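*Asks:* Residue numbers (UniProt numbering), protein chains in the order written: chain D, 1 to 213; chain Y, 1 to 285.
One should not assume that every hint holds.
Stated by the list, open to error - A few chain D residues facing chain Y, derived, Cβ under 8 angstroms:
id: 1; residue: Gly93
id: 2; residue: Asp95
id: 3; residue: Arg110
id: 4; residue: Gly169
Simulated from the structure, these hints should not be mistaken for lab results.
Since we're looking at a predicted model, the values are computed, not measured.
Built from N, CA and C at the ideal position, the CB exists for glycine as well.
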Amino acid sequence: MQHNEPDRNNNAGQEARRDFLKQSTLLTALSLTPSVVVQAAEKHLDEKAAAYFEQVTLKLTINGKPYTLSVEPRVTLLDLLRERLNLTGTKKGCDYGQCGACTVHIDGRRTLSCLTFAVMHEGQAVTTIEGLAEAGPQGKLHPVQEAFIRHDGFQCGYCTPGQIMSAIGCLREDRANSPDEIREYMSGNICRCGAYNNIVDAIAEVKKGGQKV
Amino acid sequence: MIPQKVDYKRAGSVAEALSLLSANPDAKILAGGHSLIPAMKLRLNSPSLLIDIARISELRFIHEQDGGVKIGAASTHHDIVSNATIRELYPAMAEAGELIGDTQVRNVGTIGGSIAHADPSADWPAVLLALGATINVEGPAGAHDIPASEFFTGFFSTALEEGEIVTAITLPAPSAAHQSAYKKFMQPASRFAIVGCAVAIVADGGTITDAKVAFTGVSDAAFLDEAVAAALIGQPAIPETIEAAANAAAEGDIHINEDHFASQAYRKHLAKVYAKRALVEACGL
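Extracted from the complex, chain Y is given alone in its bound form:
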């Protein structure tokens, strides 16, 4: 289908994008367009104006910062997975990025677009939660930071306020004994996660001293599973620990998605299986 009539402006800077956005409340920010354009074709979204931020150089960078990495929002998935520092410091980022869609999608789709769209089956949200990332946001009231754990608020919903855009994602410096992994069971055509699990652990002398386990595809939004983390912290990094922790996944009062790809019971089962696989890899077992 063909989208409704729309105007188009290419912003040259973040300031210009923000002023266009405040002057046009119906406008949508366009970067890669790989989530927005399909929605416009289906007429699920009919903005009056597209503000193209893909060529704003201050939004497309990856650099080291305080031992961690800061990623500009308009960086493509390809930019991220081909960055040597990210591959070395955050294996989960590389694993997740390489499983997004296909090469054509990764060449154009952006991390900022993915998280602002907040598809409940997208890969980045789970990884950013597990790594304790910070989302850098700019809006009419200036710039501020939102922890990933407060950013994904629900079904296609985020903590972004009216007129705000994501400018960057900051990944904190990993500690010496940090390991991370991402495993997913994917929908075979779209390759979106039916269940995706990102884990980040710190194992000091064989004992797990810190752990974050996040899921995507399981519920309305990506979430940190505190019960799994609690079953890992303070325990030895051995198969028995992982087995017990993985079995705690997606329990409690978490709403579990259900569709024609996977029932609630099957998704719950997959969450445990993929938590286990990600933990086995992160623990080097």
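In isolation and in its complexed conformation, chain D is listed as follows:
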């Protein structure tokens, strides 16, 4: 089954705030634009927009589901996930590759989704934090998610999706054999609340338990 963009009418309550923010931003932008420009823009808006925002067809597998999308080349994978597909679990922190909040897996490798354009990943498989737990409301969480909860590996939680995606990478790469090694190989994920000790404990516990990640 092909998945395209989410149907906003089916989860109206959830999306209302996001849509309101988008609309109000657009209105603000229009109100700040000189009226001559607005008139001209209204006349040719559709064709101009189509010509200006040249799109590329992109096939991606995201969390096991195939997507066929039309995107501008300048759209980062992070913005595609968050703004177009409503997969807002992946967070935008610094947007410059220093904080690790946007970490996802691309073809199994942990990658910064803010520092890569979506079009570069034609045909590749992306896994986000939403793709870890078993499907359904009763679905079991991923062992690393459970360990983070048990060890309180977060405070505000903003960095947590990136931390968890990175922690899975760290475990799969066999770089979680000591607290020092975990700290080094998790160095790309910053936690401003300072939950580092608990994050290290959570990862060490999954390593010790030998669960498949």
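Following the hints, position chain Y against chain D.
*Replies:* Same frame as chain D, but now just chain Y:
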């Protein structure tokens, strides 16, 4: 921020990338994008076209050649540090590669991109200078080689001509008694080198017969410090030699960088300290 509008083409071969580049002078070559995309977001760079070379298989390889190693330009930092031959022959490559950014960055960033971008604080340039690497380049006039010592010409500047791309990096065969090391003092968030020092020495029967010492982060571009090398060659590989040679680092008429991380005086001091650490390791002391 969001970059300016840009077109995108994925090149299937070096020849296709070069023809796209010659037809679009404003185009930029995109491999890992970890230097280019931040620059595009800040609108420091707004190319009309991105030519993606990341999937060109003739650019992503690591193989042995004449006792040395040839590395395709689109090889990621991870590809390099996980290569057993490179780890065995050139310890400085492994040490430097493992200190680039973090795992996420190393999974995507490429060596060709790093050297073509020529950030004055990047790690690879110092290592390639110390190891006497050759940069393999291809352009409208065909393929040619540039010694690393002539490649890094200044602040974000290289000897690449218009329309040329880096295709590979060739590391020469190390001699039997060759040792190398890389040590750096890093900026704690970005992990770029505030001062990085790469050394390669040949010590024959306790005497240093050849030495190359290169710095990154210290000046506008990575450079070979001839004064340190001169103080090592012909001398016994003992702590006194290293002490004297390291103290000669970053002297003379070298422009020393200064920023809010480190003053000129502090950088100069760090250059001597990290030269000493790298030399101690390379000499096995």
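*Asks:* All the hints need checking, so say for each whether the structure fits it.
*Replies:* For each hint, the structure was consulted:
1. Violation of the interface hint for glycine 93 of chain D is found here, the shortest Cβ-Cβ separation to chain Y being roughly 12 angstroms, above the 8 angstroms cut-off.
2. With a least beta-carbon distance of about 7 angstroms to chain Y, the hint placing aspartate 95 of chain D at the interface is held under the 8 angstroms criterion.
3. Against a cut-off of 8 angstroms between C-beta atoms, the interface hint on arginine 110 of chain D holds, since the closest Cβ of chain Y lies about 5 angstroms away.
4. At about 7 angstroms, the closest approach between the beta carbon of glycine 169 of chain D and any beta carbon in chain Y falls short of 8 angstroms, and the interface hint on this residue holds.
Going through the hint list in order, the structure does not satisfy hint 1, though it satisfies all others.
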